[in-house]
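Enquirer: Sequence:
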Amino acid sequence: MLTFYTDKQYNHPENELQLVLDRIPNLHTLKLRLYDDDIEYKPFSNLKHDSIRCLDFEHYTFNREECEILIHSQLGQKCEVPMLKIKHLDDILQLINQLRNLRSIKICLLQDMDSLLISSENELNDWLTLHLPSICDFRIYHDAMRFSSYNFYVWIR
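Residue numbering for the sequence shown follows the UniProt record's numbering, beginning at 1 and increasing consecutively.
Derived from the structure by calculation, the hints contain no laboratory data. Just to be clear, a hint being listed does not mean it is correct.
What the hints assert, rightly or not - In the DSS-like style, the derived pairs of lysine-lysine whose C-alpha atoms are separated by at most 25 Å in a straight line are:
1. Lys-48 with Lys-85
2. Lys-31 with Lys-78
3. Lys-106 with Lys-48
4. Lys-31 with Lys-48
5. Lys-48 with Lys-78
6. Lys-106 with Lys-85
7. Lys-85 with Lys-31
8. Lys-78 with Lys-106
9. Lys-31 with Lys-106
10. Lys-87 with Lys-31
11. Lys-87 with Lys-106
What the hints assert, rightly or not - Pair ranges (Cβ atoms, derived):
12. Gln-98 with Glu-123: 18 to 28 Å
13. Pro-25 with Ile-118: 25 to 35 Å
14. Pro-25 with Asn-122: 43 to 53 Å
Backbone N, C-alpha and C fix where the C-beta goes; we use that ideal spot for every residue, glycine too.
Can you make the complete structure from the sequences, with help from the hints?
Expert: This is the structure we're talking about:
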């Protein structure tokens, strides 16, 4: 496992990260610590690696465009287990349907009061049951520290 941090002070970390990745051919998990509002580019979009199967994006929330970038990136296409935060529940469908090697996905759905779509765990359960493909199972779990988010796992059978 490799954990990589970025911040505003660090210009174009993807070049150095790619050099590190090239020297770790058997790496299976990459944790990218990207911070919202700190980066204007997506350092994961052009990274390449043949054995990374798990991508963990702690502290960063994906919007629709960034989900699309992840889906079309080499890392996204090879990824079996992404862990990420999203703002829009529909993005989970896009990720499940287009990440071709997906086995499971861990999602944190962040909502603000302006875009509140799901107001209870029961609503989330109903939405997931209605919209997820039949090859998926899911489990909702609670994070006691986050009241404005819902966390869930989806497994692909």
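Enquirer: If a hint holds in the structure, say so; if it doesn't, say that too.
Expert: These are the hints, each one checked on the structure:
1. Lys-48 with Lys-85: Given that 25 Å is the threshold and the Cα spacing comes to 22 Å, the pair holds.
2. Lys-31 with Lys-78: holds, 15 Å
3. Lys-106 with Lys-48: OK: Lys-106 and Lys-48 at ~22 Å, within 25 Å.
4. Lys-31 with Lys-48: holds, 14 Å
5. Lys-48 with Lys-78: holds, 10 Å
6. Lys-106 with Lys-85: holds, 8 Å
7. Lys-85 with Lys-31: Holds, at about 13 Å.
8. Lys-78 with Lys-106: It holds: about 16 Å lies between the C-alpha atoms, which stays within 25 Å.
9. Lys-31 with Lys-106: holds, 14 Å
10. Lys-87 with Lys-31: Distance of about 20 Å is within 25 Å: holds.
11. Lys-87 with Lys-106: holds, 14 Å
12. Gln-98 with Glu-123: 18 to 28 Å: For Glu-123 against Gln-98, whose Cβ atoms are near 25 Å apart, the range 18 to 28 Å holds.
13. Pro-25 with Ile-118: 25 to 35 Å: The hint (25 to 35 Å, Cβ to Cβ) is violated, given that Pro-25 and Ile-118 are roughly 41 Å apart.
14. Pro-25 with Asn-122: 43 to 53 Å: holds, 46 Å
In terms of the numbered hints stated before, the structure departs from hint 13 and from no other.
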